[in-house]
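One letter stands for each residue in the lines below.
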Amino acid sequence: MTTLVEPRTRRLPAPWRQRVSTTVTGPLRQSPGRTLVAILAIALGVALGLAVHLINRVAANEVQLAARSLFGIADLSVQGTGAGLDETLYPALARLPMIAVASPVLDIRARLPDRSRTLQLLGVDAFRVREMQAPLAALGATAVRTTGMLAADSVWLSPTAAEALDLETGGELLVQIGLTTQRLKVAGLLPAGAFRQQLGMLDIAEAQQRFGRLGRVDRIDLRLVPGTDGAAAHEAVTAILPPGARLVTPRQAGDDALRLSRAYRTNLTALALVALFTGAFLVYSTQMLVVARRRREIAFLHAMGLTVREQLAATLLGGAIVGIVGAALGVALGIVAARAGLAAFGADLGAGYFRALTPSLVVPVLDCLVFLLLGVLASIGGSIAPAREAAAVPPAAALRSGGIGGSAAPRDGEPAVAAHTDARCGPTARRLGTAPMAAALLWALAALLVWLSTGSAPLVHSGAVPWAGYLAIACLLLGAVRVAPVLARAVFDRLPDGGPAWRRIATAQLRGAARSTAISLAAVLVSFSLMVAMAIMVQSFRESLDTWLQRMLPADLYLRAGGTGTTGYIDAETQRRLESLPGFARIDFLSSTETSLREGAPRVTVIARSIAPSNAAELLPLRRDARGPVPDGAVPVWVSEAALDLHGLDVDTVFELPLGERSVRASVRGVWRDYERPGGAVVLPRATYLEATGDERATGVSFWLAPGVSADAASTQLRDALPGGGVYEIARPQEIRGRSLDVFDRTFAVTYVIEAIAVLIGLVGISAGISTQVLARRGEFGMLRHVGVLRREIARLLAFEGAVQGALGVAAGLAVGSLVSLILIYVVNRQSFHWTMDLHVPWTALGALTALLVTAAAATAAISGRSCMGPDVVRAVREDW
Amino acid sequence: MSVDVRNLSRRFQSDADRWVLHDVTLRVEPGEYVAVMGESGAGKSTLLNLVAGLDRPDSGSVRIDGVDLGALDDDARTLLRRRRMGFVFQAFHLLPYLSVARNVALPLALNGIGGPAADDRLGELLAAVGLADRADSAPAELSGGEMQRVAIARALVHRPAVLLADEPTGNLDPRIASTVLALLREQVKRDGSAGILVTHSAAAAAGADRIYLLEGGRLRLVPGR
Numbered sequence: 001m002t003t004l005v006e007p008r009t010r011r012l013p014a015p016w017r018q019r020v021s022t023t024v025t026g027p028l029r030q031s032p033g034r035t036l037v038a039i040l041a042i043a044l045g046v047a048l049g050l051a052v053h054l055i056n057r058v059a060a061n062e063v064q065l066a067a068r069s070l071f072g073i074a075d076l077s078v079q080g081t082g083a084g085l086d087e088t089l090y091p092a093l094a095r096l097p098m099i100a101v102a103s104p105v106l107d108i109r110a111r112l113p114d115r116s117r118t119l120q121l122l123g124v125d126a127f128r129v130r131e132m133q134a135p136l137a138a139l140g141a142t143a144v145r146t147t148g149m150l151a152a153d154s155v156w157l158s159p160t161a162a163e164a165l166d167l168e169t170g171g172e173l174l175v176q177i178g179l180t181t182q183r184l185k186v187a188g189l190l191p192a193g194a195f196r197q198q199l200g201m202l203d204i205a206e207a208q209q210r211f212g213r214l215g216r217v218d219r220i221d222l223r224l225v226p227g228t229d230g231a232a233a234h235e236a237v238t239a240i241l242p243p244g245a246r247l248v249t250p251r252q253a254g255d256d257a258l259r260l261s262r263a264y265r266t267n268l269t270a271l272a273l274v275a276l277f278t279g280a281f282l283v284y285s286t287q288m289l290v291v292a293r294r295r296r297e298i299a300f301l302h303a304m305g306l307t308v309r310e311q312l313a314a315t316l317l318g319g320a321i322v323g324i325v326g327a328a329l330g331v332a333l334g335i336v337a338a339r340a341g342l343a344a345f346g347a348d349l350g351a352g353y354f355r356a357l358t359p360s361l362v363v364p365v366l367d368c369l370v371f372l373l374l375g376v377l378a379s380i381g382g383s384i385a386p387a388r389e390a391a392a393v394p395p396a397a398a399l400r401s402g403g404i405g406g407s408a409a410p411r412d413g414e415p416a417v418a419a420h421t422d423a424r425c426g427p428t429a430r431r432l433g434t435a436p437m438a439a440a441l442l443w444a445l446a447a448l449l450v451w452l453s454t455g456s457a458p459l460v461h462s463g464a465v466p467w468a469g470y471l472a473i474a475c476l477l478l479g480a481v482r483v484a485p486v487l488a489r490a491v492f493d494r495l496p497d498g499g500p501a502w503r504r505i506a507t508a509q510l511r512g513a514a515r516s517t518a519i520s521l522a523a524v525l526v527s528f529s530l531m532v533a534m535a536i537m538v539q540s541f542r543e544s545l546d547t548w549l550q551r552m553l554p555a556d557l558y559l560r561a562g563g564t565g566t567t568g569y570i571d572a573e574t575q576r577r578l579e580s581l582p583g584f585a586r587i588d589f590l591s592s593t594e595t596s597l598r599e600g601a602p603r604v605t606v607i608a609r610s611i612a613p614s615n616a617a618e619l620l621p622l623r624r625d626a627r628g629p630v631p632d633g634a635v636p637v638w639v640s641e642a643a644l645d646l647h648g649l650d651v652d653t654v655f656e657l658p659l660g661e662r663s664v665r666a667s668v669r670g671v672w673r674d675y676e677r678p679g680g681a682v683v684l685p686r687a688t689y690l691e692a693t694g695d696e697r698a699t700g701v702s703f704w705l706a707p708g709v710s711a712d713a714a715s716t717q718l719r720d721a722l723p724g725g726g727v728y729e730i731a732r733p734q735e736i737r738g739r740s741l742d743v744f745d746r747t748f749a750v751t752y753v754i755e756a757i758a759v760l761i762g763l764v765g766i767s768a769g770i771s772t773q774v775l776a777r778r779g780e781f782g783m784l785r786h787v788g789v790l791r792r793e794i795a796r797l798l799a800f801e802g803a804v805q806g807a808l809g810v811a812a813g814l815a816v817g818s819l820v821s822l823i824l825i826y827v828v829n830r831q832s833f834h835w836t837m838d839l840h841v842p843w844t845a846l847g848a849l850t851a852l853l854v855t856a857a858a859a860t861a862a863i864s865g866r867s868c869m870g871p872d873v874v875r876a877v878r879e880d881w
Numbered sequence: 001m002s003v004d005v006r007n008l009s010r011r012f013q014s015d016a017d018r019w020v021l022h023d024v025t026l027r028v029e030p031g032e033y034v035a036v037m038g039e040s041g042a043g044k045s046t047l048l049n050l051v052a053g054l055d056r057p058d059s060g061s062v063r064i065d066g067v068d069l070g071a072l073d074d075d076a077r078t079l080l081r082r083r084r085m086g087f088v089f090q091a092f093h094l095l096p097y098l099s100v101a102r103n104v105a106l107p108l109a110l111n112g113i114g115g116p117a118a119d120d121r122l123g124e125l126l127a128a129v130g131l132a133d134r135a136d137s138a139p140a141e142l143s144g145g146e147m148q149r150v151a152i153a154r155a156l157v158h159r160p161a162v163l164l165a166d167e168p169t170g171n172l173d174p175r176i177a178s179t180v181l182a183l184l185r186e187q188v189k190r191d192g193s194a195g196i197l198v199t200h201s202a203a204a205a206a207g208a209d210r211i212y213l214l215e216g217g218r219l220r221l222v223p224g225r
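Protein sequences appear in the order of chains A and B. The first sequence begins at 1 in our numbering and counts up one residue at a time. The second sequence begins at 1 in our numbering and counts up one residue at a time.
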């Protein structure tokens, strides 16, 4: 009987495919678990980096676009100090021949009493604003009617504000003015797309009257006559500006909005990229161990004619494949994570910089490709050392030695080499001699970078991204990785020799394989040191913030009407009433506003309070004191560290401080620590402020209770004295402190998430490294089982090895991590945020993490060993032939 | 101590229709040195694993000095191997991170034997295998023949009652192989161990007191020995 179907002819694959399969994909398929771990590590690193980048990008774009949308087609904008500009400047500017349109704006941060938040309200000239904002032209047309922008008690909301506040046309918006609440009717919605951010718009005259700003404007937007020379216009406008006012382009205004958050976003991106670095390290450790396992196979291929260069390329190609798959997966995960992160934490990832934005995610293909490339490069980077190791396998010796597992079967009369001990490590072993030197050089470079960053003439200027600090951290870590084998050997050589046989075997194994052990050790070291550094930095920051809060809140009760620049304030009459109340030993009124010290720099907050050189140290956490006396004609001021960094206001500096329409000559008497105002703050005596501005309004009051008066009784008394239905907050210092620390923890929530992922990758790395080693030693365990070593003794042996490796990695990680934390605290944070902090080590948390990692390493080793206890291990002694 | 294998059968799940060992019976008395021959895959190593208590039979029994291995749990079987058995493998399986002396002394360490008696025994064995001057060498520094001599010393150092050798000369050239086999036999005879050599080489089996052939899962005595 014949078959109807011809048997299919078996066809050999194309030669190139056979070759790739043998040298590249085959080894990856041979250890699918380890390959998967490496792929996942790269994927997580790329996902984290891309997600943070996409969210940062959305934030930056939104802030820029939102800031730009405020100015419409304006070419320039004159901006005043916190007190604003005299409105007479408006006609003066409008009359300049090069100005086509001038549009005055009152920019108000209105407190919304029923929502515990603020809303930006723009008081505009309805007829001028439509010449700047094309989409508002239709709105301007309605301005003449009673329902339009000129209508009394009305406000127009941007669609995003209406949605966020759940208001519709005809609804009521409650705003706080002073200590009272006033109602504005929602007259309509601004055209969709005109403004991206949440804001309201009302007639400028109405706004001036309502918010007590008669005769003032905050900015004047300018449209130049077409063809005007920009520089000439700039010069002409600047010439008539009062002190403190500044001329900016809309782009500069957008940059100002972004500047404050730039350091936070950069640091977050750097932290996310750490995960990618750890992923690359995992690729390194996986590939290194795969190469060790395939030594005889590599030697065979070499003997068959595969050149050293081809072997090098094959290992790198393997790394590239892991990178491509991992990075592609990471890009997909990153987009999903960015969407989730944006929804959960917002565009500023919880830091609170851009609460008024409601952005949606945009995923640019180019950015995805860049992160894909980063992932692939990280993976290839992690494969370089293993590729060199593979290329350096001596074929003759490796062919005679058995596979991993201690089976060495040389021909008689010739020396054998053992596969997983240092004795066979060839060129890499010889390179060990240069490791301490390389590490010393890297650490010297790290020290130099730190010195250059913290010296009197820092390499990196204040306000810039602290690249030198990051580079120093990278050098420190790379040096530690480089010296890990030497460290391992030094420590293992000093382990005691006694104890039961299994421990002696384990000790001998650790000593004999110090270099291959160092691969796992380095993975623990890198991940744990970063964990330690972040933990110390965050703890230092939190403790310093707590201490600062206690220092800044010395009174028994605080009354707060509004933040700097908001519409909440305590008028003079109420202040008199409060002063006349019994039961208080001391009452201190505080006013705050903003001013601009120089063009292009962030605005500083001016805080006016009862302060004098005699009591400054009592009221402020001073870091530096002035040496000389206050110069004649100057007023004493105390500046924050940010003001020192950003404006160069060191002690004894004399400078012009714009206050309202005037400016005063100020002498810096001290520098104080401030965690609240990243743009910088200047504290001055309130009497000086009142004299310069005439503004008697206070934004907060501190009360010291008279002996025997309780805080509750005093609070009740204050509420009785304040206007009925008033909007204010009375709090004890511990309540304010608790809320501030809650905000801190919320802000750092994303940091914790990213850190946890980096730690997870590190733990996976430890687990992969140890289990690979255990697998590689199956033959050894098979022999030990033959000669009568109990399963539990092998488990103990492995747990001991894992625990020693883990403990050493953790100890080194603690040391390196502590140094990294010092760089983070004294270089990166100082340059990023311009504040100092004291060092606080979270001993309990570090102790727990140490125990967790050492236990994880021991448990992983012991659990991996279970796979070597079955019948396979018995057969493993015969696998070599 | 005698090795008494009775009606031993073993088959694996992957090939349930084929008996690797079928009704195998074998007895080795102290001081006897027997060889089991067979082609690759004949079941020689399976037999050795069953005798060592590293595997369990489907039926039949293995008794070491009257003690049925089937009645012992894994720990007890392991301790029996530790105290009373010695192994020599084709691939030596020296621990690369231990010196020659410490490799040889491994069974002594496992059995908690130390002190001058252990040192004497170690010296004696190293001298017997001709490696007294290589005690501190690393395995990586030895030739194949030297490594197998270390492995034999390790197998004998604790005076095992049963010596099991699995293709001990498979990786050695003929000249070295004959030296190693002679050494193995000499040590078995001197210590009065029950020695079982598993090999596919007739030359290697030639020095045994009796030779068995394992074929089709059955064990039969090669006549004339």
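Careful: at least some of the hints might be erroneous.
To be verified - In silico contact screen, one side only, chain B against chain A (beta carbon under 8 Å); selected entries:
| no. | residue |
| --- | --- |
| 1 | F87 |
| 2 | L98 |
| 3 | G130 |
| 4 | L221 |
| 5 | V222 |
| 6 | G224 |
As the list claims (entries may be wrong) - Listing some non-contacts, in silico: residues in chain B with all C-beta distances to chain A over 12 Å:
| no. | residue |
| --- | --- |
| 7 | H22 |
| 8 | L26 |
| 9 | D58 |
| 10 | G66 |
| 11 | A71 |
| 12 | R81 |
| 13 | E124 |
| 14 | P160 |
| 15 | A206 |
| 16 | G207 |
| 17 | D209 |
Hint data in this document are derived by calculation from the structure and do not stem from the laboratory. The beta carbon of each residue, even a glycine, is placed where N, CA and C say it ideally should be.
Going down the list of hints, with the structure as the test:
1. Using the Cβ-Cβ criterion of 8 Å, the hint placing B/F87 at the interface with chain A is satisfied: the shortest such distance is roughly 5 Å.
2. Interface hint at B/L98: satisfied, since its Cβ lies 5 Å from the closest Cβ of chain A, which is below the 8 Å cut-off.
3. Residue-level restraint check for B/G130 is violated (minimum Cβ-Cβ distance to chain A is 13 Å; threshold 8 Å).
4. Given the 8 Å rule on beta carbons, the hint for B/L221 is violated: about 25 Å separates it from the nearest Cβ of chain A.
5. With a least beta-carbon distance of about 24 Å to chain A, the hint placing B/V222 at the interface is violated under the 8 Å criterion.
6. Given hint, B/G224 at the interface with chain A, is violated; its Cβ is 30 Å from that chain's nearest Cβ, farther than 8 Å.
7. Once the 12 Å rule is applied to beta carbons, B/H22 is consistent with being away from chain A; the minimum gap is 20 Å.
8. Taking the minimum C-beta to C-beta distance to chain A, about 20 Å, the non-interface status of B/L26 holds against the 12 Å cut.
9. Distance check on B/D58: its Cβ is at least 14 Å (rounded) from any Cβ of chain A, clearing the 12 Å threshold; non-interface status holds.
10. Even its closest Cβ contact with chain A, about 20 Å, leaves B/G66 beyond 12 Å, as expected for a residue assigned away from the interface.
11. In this structure B/A71 is separated from chain A by more than 12 Å, as the shortest Cβ-Cβ distance comes to about 18 Å.
12. The claim that B/R81 is not at the interface with chain A is violated, since a C-beta of that chain comes within 12 Å of its own (minimum 4 Å).
13. The claim that B/E124 lies off the interface holds: its Cβ sits roughly 19 Å from the closest Cβ of chain A, which is beyond the 12 Å cut-off.
14. A cut-off of 12 Å between C-beta atoms contradicts the statement that B/P160 is not in contact with chain A; the least separation is 10 Å.
15. Here B/A206 stays apart from chain A, with its beta-carbon at least about 20 Å from theirs, past the 12 Å limit.
16. Consistency note on B/G207: stated as away from chain A, and its beta-carbon is indeed over 12 Å from all of that chain's, at 19 Å minimum.
17. Once the 12 Å rule is applied to beta carbons, B/D209 is consistent with being away from chain A; the minimum gap is 24 Å.
Of the numbered hints listed earlier, those contradicted by the structure are 3, 4, 5, 6, 12 and 14.
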